[in-house]
Structures are given as structure tokens and as C-alpha cells.
Amino acid sequence: MSVIQVKNISKSFGDTKAVSDVSFEVPEGCIFGLLGPNGAGKTTSIRIINHILIADNGSVTVNGERVSSNTQHMIGYMPEERGLYKKMKVGEQLIYLAQLKGLSYNEAKKSIKYWLDRFEAADWYSKKVGELSKGMSQKIQFIATIAHDPDIYIFDEPFSGLDPINSEMLKNIVIELRERGKTVLFSTHRMEQVEQMCDEICLFNKGKAVLKGNLREIKNSFGKNTINLEFQGDHTFLDKLENVRINNRSTNFAEIRVLNGQNMQDILKTAIEHAEIYKFERIEPSLTEIFISTVGEDNINPNELA
Amino acid sequence: MNFQQILLVLKREYITRIRSKAFIIATILIPLGLVAFMGIGVGIAVWDSQPVHTIGIIDQTNSIYPQLKKIAPDRYKDFSSVSEDSLRSLVLNEKIDGYIFLDEANINQQKAPEFVSSGAGGLSLQSTVQSDLREAIRKVRLDRADVSQNIQNIYESKIELKTRKLTKEGKETEDDTGFLTIVGVVMGVIIFMSVLGYGGLITRSVIEEKTNRIIEVIASSVKPIELLLGKMAGVGALALTQIAIWIVSILGLASVAGPIANSFMVNKIPDQAAQAAPSAPGMNPAVFTIPKIEPSLIILFVIFFILGYLIYSSLFAAVGSAVDSETDTQQFMFPIMLPIMIGYFIMFRAMANPDSTLAVVGSLIPFCAPIVMITRIAITDVPIWEILTSILLMIGTFVGTMWLSAKIYSVGILSYGKSASFKELIKWIKE
Numbered sequence: 001m002s003v004i005q006v007k008n009i010s011k012s013f014g015d016t017k018a019v020s021d022v023s024f025e026v027p028e029g030c031i032f033g034l035l036g037p038n039g040a041g042k043t044t045s046i047r048i049i050n051h052i053l054i055a056d057n058g059s060v061t062v063n064g065e066r067v068s069s070n071t072q073h074m075i076g077y078m079p080e081e082r083g084l085y086k087k088m089k090v091g092e093q094l095i096y097l098a099q100l101k102g103l104s105y106n107e108a109k110k111s112i113k114y115w116l117d118r119f120e121a122a123d124w125y126s127k128k129v130g131e132l133s134k135g136m137s138q139k140i141q142f143i144a145t146i147a148h149d150p151d152i153y154i155f156d157e158p159f160s161g162l163d164p165i166n167s168e169m170l171k172n173i174v175i176e177l178r179e180r181g182k183t184v185l186f187s188t189h190r191m192e193q194v195e196q197m198c199d200e201i202c203l204f205n206k207g208k209a210v211l212k213g214n215l216r217e218i219k220n221s222f223g224k225n226t227i228n229l230e231f232q233g234d235h236t237f238l239d240k241l242e243n244v245r246i247n248n249r250s251t252n253f254a255e256i257r258v259l260n261g262q263n264m265q266d267i268l269k270t271a272i273e274h275a276e277i278y279k280f281e282r283i284e285p286s287l288t289e290i291f292i293s294t295v296g297e298d299n300i301n302p303n304e305l306a
Numbered sequence: 001m002n003f004q005q006i007l008l009v010l011k012r013e014y015i016t017r018i019r020s021k022a023f024i025i026a027t028i029l030i031p032l033g034l035v036a037f038m039g040i041g042v043g044i045a046v047w048d049s050q051p052v053h054t055i056g057i058i059d060q061t062n063s064i065y066p067q068l069k070k071i072a073p074d075r076y077k078d079f080s081s082v083s084e085d086s087l088r089s090l091v092l093n094e095k096i097d098g099y100i101f102l103d104e105a106n107i108n109q110q111k112a113p114e115f116v117s118s119g120a121g122g123l124s125l126q127s128t129v130q131s132d133l134r135e136a137i138r139k140v141r142l143d144r145a146d147v148s149q150n151i152q153n154i155y156e157s158k159i160e161l162k163t164r165k166l167t168k169e170g171k172e173t174e175d176d177t178g179f180l181t182i183v184g185v186v187m188g189v190i191i192f193m194s195v196l197g198y199g200g201l202i203t204r205s206v207i208e209e210k211t212n213r214i215i216e217v218i219a220s221s222v223k224p225i226e227l228l229l230g231k232m233a234g235v236g237a238l239a240l241t242q243i244a245i246w247i248v249s250i251l252g253l254a255s256v257a258g259p260i261a262n263s264f265m266v267n268k269i270p271d272q273a274a275q276a277a278p279s280a281p282g283m284n285p286a287v288f289t290i291p292k293i294e295p296s297l298i299i300l301f302v303i304f305f306i307l308g309y310l311i312y313s314s315l316f317a318a319v320g321s322a323v324d325s326e327t328d329t330q331q332f333m334f335p336i337m338l339p340i341m342i343g344y345f346i347m348f349r350a351m352a353n354p355d356s357t358l359a360v361v362g363s364l365i366p367f368c369a370p371i372v373m374i375t376r377i378a379i380t381d382v383p384i385w386e387i388l389t390s391i392l393l394m395i396g397t398f399v400g401t402m403w404l405s406a407k408i409y410s411v412g413i414l415s416y417g418k419s420a421s422f423k424e425l426i427k428w429i430k431e
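Chains as they are written, first to last, in the numbering used here: chain A, 1 to 306; chain B, 1 to 431.
Hints were generated in silico from the structure; no laboratory data involved.
Treat the hints with care, as some may be off.
Straight-line C-alpha distance at most 25 Å; calculated SDA-like pairs for lysine to any residue [as the list claims (entries may be wrong)]: (1) 89/A to 430/B; (2) 87/A to 29/B; (3) 11/B to 230/A; (4) 223/B to 230/A; (5) 269/A to 230/A; (6) 7/A to 65/A; (7) 86/A to 212/B; (8) 430/B to 13/A; (9) 86/A to 200/B; (10) 87/A to 19/B; (11) 223/B to 13/A; (12) 430/B to 14/A; (13) 223/B to 269/A; (14) 418/B to 38/A; (15) 87/A to 298/B; (16) 21/B to 241/B; (17) 87/A to 430/B; (18) 89/A to 418/B.
Bound conformation, chain A alone (with noise of 0.2 Å):
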């Protein structure tokens, strides 16, 4: 079953399109990943799947209900812009919030005990946010996010701006959750973070859903046109190979994918004539390499691929 079905969705800021026809299903206790390039319109669809936003066209069910005041309540959400009030304290702030999602004052109360202990935080509780360091105040933002126990939880890109502890931290949360039978949906234009945690993905490129499915699947379809190729020597070879991509290339690496059906041998031959080969290995193609072969290559700005 889908926890969040989109159907058909578009919404336009005066003269630009932000989102275009986009539809996408997010199956129950899956990762989700959208995933593209900044300004693909995932923030804007994200806004309107939390009703911050109000498509212009199409529909946003929530658990099988149209978005409205009652399915924020569902979800937690972590937005790409985030903050807290830097004068309150972190307890009230932490209350009032989960207030907002409607739980009691009781409720939030005992909850938000809960997270503060498990975060090893339970001392911060009177302090007011603006003395807290960066790292912490951004544990005090996933708290915020979660503190409700929705089954939903949105984050939108998540991990820009987090420390390398508090990026882990929130990868094993994202992981948990799962494991809790939630669903986590969260947009990133960083692949490798998608081929690591994902399920399921959606793909956008200007304001449209130009790829989705299994993340698995979608590998596998593409096939093994893709060789990694560890060597020593002059690597000036590569720039003579005909009919390839060459993706993340380095003096000794690089990932070659493999057009117009091109004999894979023929390339190995040209590398042992220049150099000497550590590694010749036939893989499934990188999600950035599925990104790029879907949307073609003159349609991206290749710098807002990580």
C-alpha cells in the first residue's frame, strides 16, 4: 500500500513551472529518495505533499487522505531551511512544536524527555537554543521533527549542513525508523547517499518525475555497460577511446560507460597497449551515470551532481 500517492501534480510561480505533471507512489516502510539537481522542483513538491503548498493541478492523498491540516499531523517534516527560535528554550520550544502537531502538553512533554535522554541532551532542556553549538542545535532540529511519532517523516536534503557525526547519526535514525515499519521519504542531489539508503527513488529534472521505481530494479535494467578501470601509467588514452562516457576519472581510475554498444574487449585491448591494468571490472551503471544517460547529457548542469 502507498502512504503517499501523487498524482498529476503541477504548480507554477508566475512564468515558471516549478513542477509539471509530476506523479509519484511511496509504498509503506520504504526509504524514498527524490533525487536531481537543485532546482528540479523536489522542494516544491515536498511543500505541497505537507500542504504548505497548494498544487495547482492534481492530487496529494496521505495515508488516503487528501492533504489538508489533518495529514501535517502525520508527517514530521525536516525542511531544507531550518531553524528554531533561537530565544526560547529548548524544552518549551520542543513542547510547543509537538503542541503544533497535536499532541498534549503532557504527551509532548514525556516525548520530548525521551529523545533529549536518548541524544544524551536531558541537560540542555532549560538552556535557550542560541547558546547551543551548531551541532547540537541540529540535534534539537531532528527532535523537533520526530518528537510527534508520526509514520511519515519527510526530510529535504537533509544531510547539507550536518556535521559528519550528526550525518551519521541521522543515517542510522533514517535506518531505524524503517526498521519500525515508518516511512522515510527524503530529497538529496547527492547520489551516492540514494545508492546507499534508498528503496525506492524518483528522478526529477525540470519539474519533472523522469525516472521511478525500485532502486534495484532500475539498476538492473540498465545493465553491466559500465567498466571501472584501475591502471598505472600515461592515462591519455582515455580521451582517444570513441563511443564512451567517462565518468569519474582520476590519474588511475576511471568509470567508463559504454555507448552504442561498443566491444567492451576493444577497450580493454587500448588500455594494456598504454598502460598497465590493475582492475578491469563490468558493473551496473552509477545513479549519477543512470541521471545523466536518462536526462541527456546537454539537459544538466553536470556541477550540481555530486
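Since chain A is already given, all that's left is putting chain B on it; use the hints.
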């Protein structure tokens, strides 16, 4: 709309602010500031009346100068023995402020006396000298005309004006117009300052949520209109709390200060009081109590305060949502400040002439009404239909500004990074 949510927002706005040092300090300092301000005004007036001007008189009639001497002995000095040239140099060296040459022609009114001065005394000195001379010359002429003492008394009699005010009930009361004018102006000024002060607070509060980037977290739980209403209500409650504190402490102070001042005065002049009126039981306590302020006036004050606050705070909130930082508010503040400044100036006209066309019109225009109308109501009997019309127009205007503000606010709070232009605002409103 969910009132539960509005109430939560209201509570947060109210509680976090009422506990803040800024609120406590402002509540204490603003009345002290006002008192100090008035004190400085009075002080300047007192200090200002101190300088004594010296005017040299060359009196060839020998009859005007003695009269002048009676009127103001310090001001007029006899320089009849000095030549006019040396008087000129005395004026130029600022030893004296001016001189007047008087002869028979002045008494016969063939020629107006000439006051030669360095200009030091300004207009007020000129008019003082003029009235002194008028009185002195009139006295001399009356003496010479040999009129009877009776007629002289008539000329010397001073007319005072006592004022009594006829109320609706047909009773004549002690006229408090002077006192009520002050009350009206103070009420108008309080509304003016509160609308600006608390409006500014709303703007900052909206900007704060944008720059803190908490707004999107909130917006994922609360509708923009709920957030906006909760915020306005919370800050409004804060404003009412502050004003209630002031009113209660003023009334408290007045009720304590009156009797204290009384007993003080009575103790000080027991003999006089006993001599003047042996049967009177001390001083009349009414002298030191504040004339009564009608409860209806206070109720109307609260109503006009709330309506004025609502109209303007909705606009101030819209400004906050449209900009990215406080420095960008200028261009939008101007059109909001303009009507309230106009109202402020009309209030001072209304103070002098509460029933003039300007004052009546100003008290009906919703953007000026909260300030102008309350001043008029305090000073004069404003027809009930005018008050009701004014209130209804303000409610209608509030519905309009609220609609406008909600439109701008719901788009504005999510647009980060740059301040909107007027063009964009119009686009948001049309959306």
C-alpha cells in the same frame, strides 16, 4: 481555521515576550520617560521666563514713567538724563535691551511711541512693552481728564472667565475641558505610539521567524492565517497588558497622591485656613483629586485602541513577510506610516477645535480614526452616530487589510533570500 492552533501561537508569543527584559524595561521606562519629557517641558518654560529685560525710558512728560515703574519696576529704568546717542551705544553693547523716547505727542496720540531695541526680547518683549505702554498712557490720560474714581475703577477692573459645562442631563458641572483635553491627547498619543511600537514588534517577529528559518517548520503544522492571527492576538494581548499596568498604576498613584498632597497642604497652612474660614473643615479635597474620567471613555479607548492596533498590525505583519531583513522594511513602511502620521497631526488640530470639519473627517477615516476620534470623544460630546460609523468603518477596513495581509503573508513567509518589490506584492495578492 483551528482555534486550538491559534491559541498555541498566541500563548507562545505572549509568554515569551512578557517574560523578556525588553518588555519589563519598556513598561517601567516609558511612563518615566513621559514624565521626564513633560518635566523638561515645564522646566524649560520656568527657566525661560527668568531673564529680565531692561528698557531705558527717556520720559519728557514726567508722567508716563512713574506709571510704567508701577507696572514693572524691574523692566523700566529712567534714563531721562542720558542723551539718546549714549542710549544707542548702551543698546549696542547689550547693557540694556532697548529704549523708548516718550513725549507729549505720545500721550495725545498724535504719534506712536518708538521702541528701539537690539531685538533681544523678540516678539514676546514687544507685545509686553506694547501692553505696558497702553496701560500707562491710558492711566495718564485718565488722570489728566480728571475722571471720577468710579470710572477709573471700571477701567482697572480685570475680567476673569469661569467656565461651566452643560451636560446631557441638563446639569451644569465644573468644566474639565482643560483636563479632558490633556486626557484626550494622552490617549491619542498612547494609541499612536502603541500602534507604531507594537506594529514594529510584529514586523520584527515575522522577520525573525523568516531569518531563523523556523517558519517552514511552523508552516508544516499551522496554516499561515492561523499563525498570523495568533501572532497578532498574542502581541495585542501584550499591548493591552502593558496599558492595563499603566492605567492601574496611574489610578493607584492618583488615589494615594491626592490625600497625601492634601494632608501636606492642610498641615502647612492651618492658620490661614482657620483665619479665612473658621467654619470650613480644612481644604476642599476636590482640589487635589483628578477630575473624574467617565468609564465609557476608557471602554471606548480600549475599543479604538484594539481596532487601530488590528488594522495597522495586519499591515505591519505583511511588511515583515515581504522583506528578507529589517533594513529592507523602509520602502514599505512609508505608505503605512503616512496615514497614521496624518492622523497624529489632525489630532492636534482636533485638540484645539474638536468639532471642526477636519477633525470630524479625520475621525471617520479609518486609518486616522483611532487617534483622532478618541481625542474628540474625550474633549467634546461626539454624536453617537459618528462614533458608531467610525467603529463600523474601522471594522470593515480591518477585514480588508487582514485579507490583503493574509495573501501577502502566506506567500511571503516562504520566499527566502530577497525582499519583494511592490510589483511582486501585487502579484501575490492576485494569486
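Results for each hint:
1. 89/A to 430/B: violated (39 Å)
2. 87/A to 29/B: The given pair, whose Cα atoms are some 23 Å apart, holds under the 25 Å limit.
3. 11/B to 230/A: violated (64 Å)
4. 223/B to 230/A: At roughly 56 Å apart (the allowed maximum being 25 Å), residue 230/A and residue 223/B break the hint.
5. 269/A to 230/A: holds (14 Å)
6. 7/A to 65/A: holds (13 Å)
7. 86/A to 212/B: Holds, at roughly 7 Å.
8. 430/B to 13/A: Status holds; Cα separation ~12 Å.
9. 86/A to 200/B: This hinted pair holds, its Cα atoms lying about 19 Å apart.
10. 87/A to 19/B: holds (11 Å)
11. 223/B to 13/A: holds (20 Å)
12. 430/B to 14/A: OK: residue 430/B and residue 14/A at ~11 Å, within 25 Å.
13. 223/B to 269/A: Between residue 223/B and residue 269/A the Cα gap is close to 65 Å, so the pair fails against 25 Å, i.e. violated.
14. 418/B to 38/A: Judged against 25 Å, a Cα distance of about 18 Å means the pair holds.
15. 87/A to 298/B: violated (35 Å)
16. 21/B to 241/B: Satisfied, since the Cα-Cα distance of roughly 15 Å is no more than 25 Å.
17. 87/A to 430/B: violated (36 Å)
18. 89/A to 418/B: Outside the cut-off at roughly 29 Å; violated.
In summary, the numbered hints that this structure violates are 1, 3, 4, 13, 15, 17, 18.
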